[in-house]
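Peer 1: Working from the sequences, and respecting the hints, build out all of it.
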Amino acid sequence: MRIAYVAAPWLPVPPPAYGGSEVVIDRLARGVKQAGHEVMLFTTGDSSCPVDRRWTRPDAVPDLIGEVGVELAHVIGAYAAVRDWGADIVHDHTLSGPAYARTVTTMPVVTTNHGPFTEDLTVIYRDAAKSAAIVAISHAATAGNIPVTRIIHHGVDPTQYPMGEGQGGFYLFLGRMCADKGVREAALIALAAGVRLLIAAKMRAPSERAYFETQVKPLLTNKVQFIGEVAGPAKAELLGAAAALLNPICWPEPFGLVMIEALACGTPVLTYPLGSAPEIVDHNKTGFLCQNEAQMVARLGEVSQLDRRTCRRAAQERFSQQRMVDEHLSLYAELLTRAAHRAADVERAVIAEPHRRIMATDFGTSIPPVGRLTSPPNGVGR
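If you use full-length UniProt numbering, the sequence shown corresponds to residues 1 to 382, in order.
Keep in mind that the hints were calculated from the coordinates and are not lab data.
As the structure is a computational prediction, the values presented were derived from the model and not from experiment.
Hints may contain errors.
As the list claims (entries may be wrong) - Listed next, the in silico EDC-like pairs over lysine to aspartate or glutamate satisfying Cα-Cα at most 16 Å (straight line):
{"id": "1", "residue 1": "285", "residue 2": "307"}
{"id": "2", "residue 1": "202", "residue 2": "63"}
{"id": "3", "residue 1": "202", "residue 2": "213"}
{"id": "4", "residue 1": "33", "residue 2": "88"}
Unchecked claim - Per label pair, the in silico range of CB-to-CB distance:
{"id": "5", "residue 1": "38", "residue 2": "222", "range": "52 to 60 Å"}
{"id": "6", "residue 1": "298", "residue 2": "83", "range": "57 to 65 Å"}
{"id": "7", "residue 1": "327", "residue 2": "16", "range": "22 to 30 Å"}
{"id": "8", "residue 1": "336", "residue 2": "121", "range": "47 to 55 Å"}
{"id": "9", "residue 1": "337", "residue 2": "167", "range": "47 to 55 Å"}
Where is the CB? At the ideal position from N, CA and C, for every residue including glycine.
Peer 2: Right, dumping it as structure tokens:
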């Protein structure tokens, strides 16, 4: 297959430090290429993902995130490149791309919602579903009135996250400096338990700096320390040395990449049963799903009883990059088969009625769900 990926222009692929969808796109594009398929990635010129890359904008524009004009100009360039490259299928990770694609191409389009289906996003993806296959990243990140085609959890390459022994003598918060991620709550929990906590967090936006100054900095002590943003091998080393990942999220997170990265390092996760967390953390085996701060304080003393090899195995078996790649390739193949059948139906209709004008409405252009959505496995918080 010839598969084109379209990333948003906000960050390079992969991102130099903290990133979400860009990390996933990089892992997916690399994995699909390694599986023997031809891959083209439309991104920004400062990207380094080792596949065939195209771009119109030389540098990513993180300060312009959400600017409709910026994204649309990027998308127009993307679909021109996709057409010239001769893709069989396009996997679009932008918001405006699927709607624009409907006007310029008939090839199968896949789009992933990397966030929750908010009121506005529900409108966007309901419209996109008329002509594109919708991928959700967890059972928690779905909307009842949107025909989600597949639920595909993110994956991690375990070889990039070596297993650690938790020998560092600290607990770890890793993420973004904001209220949703629960940084303040993590500090309060560590202080109440009297344990050492390292806070490794992205703090670049003005809102993130303001949150740190007012909510987190006053709580810092010789035991609760802010060490800045970490990435790459340093992040994996930090995760492996931590006794546990302290992840008291305060919102229904669609998917927590940091949780599967921690598990890949053999590190248990303490979190709340919100969003996708119950789909990732197996209560009492790979971590604890706590109901409140007091319960999380109590559970901190029990993480040493959890088997780090079980955590590692969960990442390898349930959240591997290979599994993520295989599930996407299965979806692409099925959509291409459907497209071929539709084309054959049109050809047969033309032969049968050569004088009749064949309309697109005769066969439909929507992409119905592929298979049934399964319920999340039984467990705490589900």
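Peer 1: Each of the hints needs a verdict: does it hold here or not?
Peer 2: Each hint tested on the structure:
no. : hint                  : in the structure
1   : 285 - 307             : 7 Å, holds
2   : 202 - 63              : 15 Å, holds
3   : 202 - 213             : 14 Å, holds
4   : 33 - 88               : 14 Å, holds
5   : 38 - 222: 52 to 60 Å  : 54 Å, holds
6   : 298 - 83: 57 to 65 Å  : 58 Å, holds
7   : 327 - 16: 22 to 30 Å  : 28 Å, holds
8   : 336 - 121: 47 to 55 Å : 27 Å, violated
9   : 337 - 167: 47 to 55 Å : 50 Å, holds
The structure shown violates just one earlier hint, number 8.
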